[in-house]
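Trainee: In case you want the letters, here they are:
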Amino acid sequence: MSSVRALIDGLVASIREGDGQAPREQRCAAFANAGLTGPVRTLVDKVASRARDVHDEDIAAARASGSSEDQIFELVVCAAVGQAMRQYASARAALDATTRSE
Amino acid sequence: MRLAILDTGHAFWSKLLFAFIRTVSRQPTPEALKLVAYRPEFYGSRMKAVTHEAMRGTSAWSVGDRELMAAFVSSANESEYCTKAHTAVAALSDLDAAPLAEPLRATLRMLRKLTRENTVDVEDMRAVLAAGASREQVEDALAVAFAFNATNRLADALGFSVPGPKAFEVGAKFLLARGYR
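Respectively, the protein sequence lines represent chains A and B. The first sequence begins at 1 in my numbering and counts up one residue at a time. The second sequence begins at 1 in my numbering and counts up one residue at a time.
Warning: the hint list may mix true and false statements.
Said to hold, decoys possible - Dumping the calculated EDC-like pairs for lysine to aspartate or glutamate here, alpha-carbon to alpha-carbon at most 20 Å:
(1) Lys48(B) - Asp19(A)
(2) Lys113(B) - Glu139(B)
(3) Lys113(B) - Glu80(B)
(4) Lys113(B) - Glu78(B)
(5) Lys48(B) - Asp7(B)
(6) Lys48(B) - Glu139(B)
(7) Lys113(B) - Asp124(B)
(8) Lys15(B) - Glu41(B)
(9) Lys113(B) - Asp96(A)
(10) Lys48(B) - Asp9(A)
(11) Lys84(B) - Glu169(B)
(12) Lys48(B) - Glu17(A)
(13) Lys166(B) - Glu80(B)
(14) Lys15(B) - Glu69(A)
(15) Lys84(B) - Asp53(A)
(16) Lys113(B) - Glu102(B)
(17) Lys15(B) - Asp70(A)
(18) Lys113(B) - Glu123(B)
Hints listed in this document are in silico derivations from the structure and should not be mistaken for laboratory results. Only a predicted model underlies this, so the values are computations on that prediction, with no experimental measurement involved.
So here's chain A without its partners, still in its complex pose:
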């Protein structure tokens, strides 16, 4: 599955930079779980760190702060993929490091 890295890169590019209803900067911030404020920040951090603790109230608070359902969909996707990508990058760096030192 040597092509999977290119597919992952394409996915990440699409959700961060592709056409969407949330601003690109906000999607990139959700991906990084950094630089957000208010209920959207709370929601994004929960998705990244402890998704099981997301409740209806978290979505409702983000809606009440002005985000549409489509924008929330995009930001939640960015938060989930961003955290998975950080894990993936950490593991790939550790694997690469096995060839550099003994």
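Since the structure of chain A is provided, determine the placement of chain B on it from the hints.
Mentor: Just chain B now, with coordinates in the frame of chain A:
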């Protein structure tokens, strides 16, 4: 689903497909399908391609090995929907499984740490390689973990409702026959 658009906001052709699936399977439309079918050009089409390549692309790991990894990562995330969905597939595809071979066991151990702690180090990787997994196998396993660490979060955050065992059984047969495309 916590977002109404993921229940009812799909394009006409997707709704037609959902109706067909409900009729043939006599089960509700799978929540995982509703997610990837919503505005697929943004997320779903690309994630399906990633997941299919990770789970069904050419690899030294068997399909059963990779389904076990998917179930294991989902379990480490305590994601009920995904654990139930993939335990069913792993059981179906690997009924005669022997006790785990050491490379798979060591790989699962590393994936569990990565999933729970978000990071692994060079010693963790050396342990997997020393157990007999190839570098390519480690890379393949990391792609499986990527797909499920993202999907588990979405299932939990978006509030996938967990259906009964029959729905997962039907879904497992579909995933074995058709993959994730």
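Trainee: Looking back at the numbered hints, which does the structure fail to meet, lowest number first?
Mentor: none
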